[in-house]
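Spelled out, the chains give:
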Amino acid sequence: MKRHATVGRFSLLVFGAYLAFVAGCGRDLDVGSDILWTARFEGDNFSEWKNVPSPPLPDTIEVSSDVSHQPGNYSAKLTVSGTANNTQGLGASLVRDGNQPTEAYYSAWYYLPQTITVGLYWVIMKFRYHSPNDPTTEAELFDVNLKSLPGGVMSLRVYDHSASNDASAAHDLPLLSTVKDPPKLSVGKDWFQIEVFYRNAADGRFTLWLDGQEIIDTSESTGLDGWLAWDVVSVGYNLTPEPAVLYVDDCAISKTRIGPSGQLAE
Amino acid sequence: MLHGYVGSFQSPRRNDSTREARFGYRLDVRPHWPRRQCVIAATLLAMCAPAYATEDTQETAPTPPSETPPPDPVTGASLCPLPSAVWQELVTLVPPEHLISRLQGSAKAGASIQVEDLGATFRVSVLDKVREYREEARDCAHRAKEAALFAGLIIDPAALLNTASCEQPPCPPVPTPAPPVSAEPEILPAPPPRPWVRLEISPTLVTGLGVQERAVHWGGAFRIAMGRGSVAFVLGSAALWPAQTHIGGLRLWQWRLPADLGVRATLPGSRIDFYAEASLAVALISERALDLAASRSRMGVEFGGRVSLGARLARQAGRTPFVSLQSEYFPDPPSVFALPEGVAGQTPRVWIGACAGVSWGI
Numbered sequence: 002m003k004r005h006a007t008v009g010r011f012s013l014l015v016f017g018a019y020l021a022f023v024a025g026c027g028r029d030l031d032v033g034s035d036i037l038w039t040a041r042f043e044g045d046n047f048s049e050w051k052n053v054p055s056p057p058l059p060d061t062i063e064v065s066s067d068v069s070h071q072p073g074n075y076s077a078k079l080t081v082s083g084t085a086n087n088t089q090g091l092g093a094s095l096v097r098d099g100n101q102p103t104e105a106y107y108s109a110w111y112y113l114p115q116t117i118t119v120g121l122y123w124v125i126m127k128f129r130y131h132s133p134n135d136p137t138t139e140a141e142l143f144d145v146n147l148k149s150l151p152g153g154v155m156s157l158r159v160y161d162h163s164a165s166n167d168a169s170a171a172h173d174l175p176l177l178s179t180v181k182d183p184p185k186l187s188v189g190k191d192w193f194q195i196e197v198f199y200r201n202a203a204d205g206r207f208t209l210w211l212d213g214q215e216i217i218d219t220s221e222s223t224g225l226d227g228w229l230a231w232d233v234v235s236v237g238y239n240l241t242p243e244p245a246v247l248y249v250d251d252c253a254i255s256k257t258r259i260g261p262s263g264q265l266a267e
Numbered sequence: 003m004l005h006g007y008v009g010s011f012q013s014p015r016r017n018d019s020t021r022e023a024r025f026g027y028r029l030d031v032r033p034h035w036p037r038r039q040c041v042i043a044a045t046l047l048a049m050c051a052p053a054y055a056t057e058d059t060q061e062t063a064p065t066p067p068s069e070t071p072p073p074d075p076v077t078g079a080s081l082c083p084l085p086s087a088v089w090q091e092l093v094t095l096v097p098p099e100h101l102i103s104r105l106q107g108s109a110k111a112g113a114s115i116q117v118e119d120l121g122a123t124f125r126v127s128v129l130d131k132v133r134e135y136r137e138e139a140r141d142c143a144h145r146a147k148e149a150a151l152f153a154g155l156i157i158d159p160a161a162l163l164n165t166a167s168c169e170q171p172p173c174p175p176v177p178t179p180a181p182p183v184s185a186e187p188e189i190l191p192a193p194p195p196r197p198w199v200r201l202e203i204s205p206t207l208v209t210g211l212g213v214q215e216r217a218v219h220w221g222g223a224f225r226i227a228m229g230r231g232s233v234a235f236v237l238g239s240a241a242l243w244p245a246q247t248h249i250g251g252l253r254l255w256q257w258r259l260p261a262d263l264g265v266r267a268t269l270p271g272s273r274i275d276f277y278a279e280a281s282l283a284v285a286l287i288s289e290r291a292l293d294l295a296a297s298r299s300r301m302g303v304e305f306g307g308r309v310s311l312g313a314r315l316a317r318q319a320g321r322t323p324f325v326s327l328q329s330e331y332f333p334d335p336p337s338v339f340a341l342p343e344g345v346a347g348q349t350p351r352v353w354i355g356a357c358a359g360v361s362w363g364i
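These protein sequence lines map, in sequence, to chains A and B.
Quick note: to get our numbering, add 1 to the position in the first sequence (first position is 1).
Quick note: to get our numbering, add 2 to the position in the second sequence (first position is 1).
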């Protein structure tokens, strides 16, 4: 009987060591990450951002638990009045400026609670740069805009500041302007992802995906090199009804493409 | 202890040793000796003969002399001894069939034993051999015994010697020589006991299946088998050199440390021993991403089974070369995870390998 008890204790010890060994080693081998930076707002603050300018009233920017892109509990709520008197520069901005990698994937998830009629523009993502002629002055590069289509459908357009200073639809990037079936955004239902690959080099490239679908792939207006800023914003002009609300979540800069199924955290 | 001599001469002379010597017979006794010898032999035979007769009548093993065929083989006009008496004495010494076959097999047709009564002497002729005995008392029974003894010596000395050496007649017939039997199985020296412990060390090559780019791991393997029977416990491990592989688009630097515990069944052969193994396998596996912005090494453990087939030169102890093939199966291998891709894939479920090294029996 004593021997049986000893064997039992030994078996229990071996089994315990086995469990500890397995638990210690884990089943998933997390070998690292290509994510360079994320902002998931799960800290209920904007600490992940370098610069969160205070928007001019009545525009606001806040961390909200109204909705969030799963998994998570918080998102950023950007509210702009969008009156006809607003001009560019007003609105809510989350700024990630300077020291961006030569090439990277920039991704953010958006949620539109309702359909907004865009009178002139509604910028939701911006790329800015320092002009070689004036390294101290930030210059506009690309704007990713929401636009209204007939029938209350909302879609995207990309504005190339180097092509024109006209804020009209004329300076959509050529590829986007020629899309016969412009992408339709989900309103009041699902989050949508906008992801951009930008190579800030002589052989630069700008590629945009909407929910994983490639919309634009061009090398125009690239090859600038130098300082680059990436902003998630809500800057509108002549938006109705107002105020226009836009939720943003799970922003990330990655060395590899994130895609709709990409994970920003374990 | 028969005394006397056997000779062959054309014209025998009584007790003339000079003439006998002249005919070339080896006379190892003096002329007066034969008589004494014969007396002794006759006395011995006389002592044995009644016993023969008595036993023969009581036990039916040999054919009774009275029932023997007519004494044709013994001829002559002798009255003392009578040819029939000589025959009766002779068949007690030599089996009749031997007598018949030897006489019939002689070169001379109708060869026989001839007995001549010469008064104080009598002469016996057998197959060209002639012997003359002096016996002045004319004891015919004694003469018959002496004549039979002489004839037996000529015809079948082996049977006669056998009969003479028998202390208690009737003696059993001369056994027919047994046919040669095959040699008894050679008693081989007991083989040395199987080694209780067998150590094996070898370089090894292992690769995983089912991944985009197979990692070929070189390394060293060590195994120890314990037990003398055909089934032994076996414990093994290998240290494998890291190698590069791809899992789900991730370029990885992979390293493994497999080990197993199981049983080995050996089928010994005359020149090569074959063996098979089945064991529980466990392996530490480490992966490190090579291209991620933030890379780190992670180690996992996998559990499964291992089978192996091997062969080695059949030597009980000492060092001998061996080769083996192995396969490991891990039903639930660890997953490789990286951001933002998530789970990129799993490490191989199936690993195959080969070893060639030295096995050392202790």
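Some hints here could point you the wrong way.
Cβ pair distances, simulated, as ranges [what the hints assert, rightly or not]: (1) B/G212 - A/S262: 36 to 46 Å; (2) A/F47 - B/A296: 16 to 26 Å; (3) A/T103 - B/R298: 18 to 28 Å; (4) A/S262 - B/P270: 52 to 62 Å; (5) A/N46 - B/G212: 37 to 47 Å; (6) B/M228 - A/S262: 26 to 36 Å; (7) B/Y331 - A/V53: 30 to 40 Å; (8) A/G227 - B/Y331: 48 to 58 Å; (9) B/A296 - A/S262: 14 to 24 Å; (10) A/T103 - B/V309: 49 to 59 Å; (11) A/T116 - B/L259: 57 to 67 Å; (12) B/R216 - A/G120: 41 to 51 Å; (13) A/G99 - B/R298: 44 to 54 Å; (14) A/P261 - B/R216: 51 to 61 Å.
Quick caveat, the hints were computed from the structure, so don't treat them as lab data.
Remember, it's a predicted structure, so these values are computed and weren't measured experimentally.
All residues carry an ideal CB built from backbone N, CA and C; glycine is no exception.
Here is how each hint holds up against the structure:
{"no.": "1", "hint": "B/G212 - A/S262: 36 to 46 Å", "result": "violated (23 Å)"}
{"no.": "2", "hint": "A/F47 - B/A296: 16 to 26 Å", "result": "holds (23 Å)"}
{"no.": "3", "hint": "A/T103 - B/R298: 18 to 28 Å", "result": "holds (23 Å)"}
{"no.": "4", "hint": "A/S262 - B/P270: 52 to 62 Å", "result": "holds (58 Å)"}
{"no.": "5", "hint": "A/N46 - B/G212: 37 to 47 Å", "result": "holds (45 Å)"}
{"no.": "6", "hint": "B/M228 - A/S262: 26 to 36 Å", "result": "violated (52 Å)"}
{"no.": "7", "hint": "B/Y331 - A/V53: 30 to 40 Å", "result": "violated (54 Å)"}
{"no.": "8", "hint": "A/G227 - B/Y331: 48 to 58 Å", "result": "holds (55 Å)"}
{"no.": "9", "hint": "B/A296 - A/S262: 14 to 24 Å", "result": "holds (20 Å)"}
{"no.": "10", "hint": "A/T103 - B/V309: 49 to 59 Å", "result": "holds (51 Å)"}
{"no.": "11", "hint": "A/T116 - B/L259: 57 to 67 Å", "result": "holds (60 Å)"}
{"no.": "12", "hint": "B/R216 - A/G120: 41 to 51 Å", "result": "violated (60 Å)"}
{"no.": "13", "hint": "A/G99 - B/R298: 44 to 54 Å", "result": "violated (27 Å)"}
{"no.": "14", "hint": "A/P261 - B/R216: 51 to 61 Å", "result": "violated (31 Å)"}
Hints 1, 6, 7, 12, 13 and 14, counting from the list given before, are not met by this structure.
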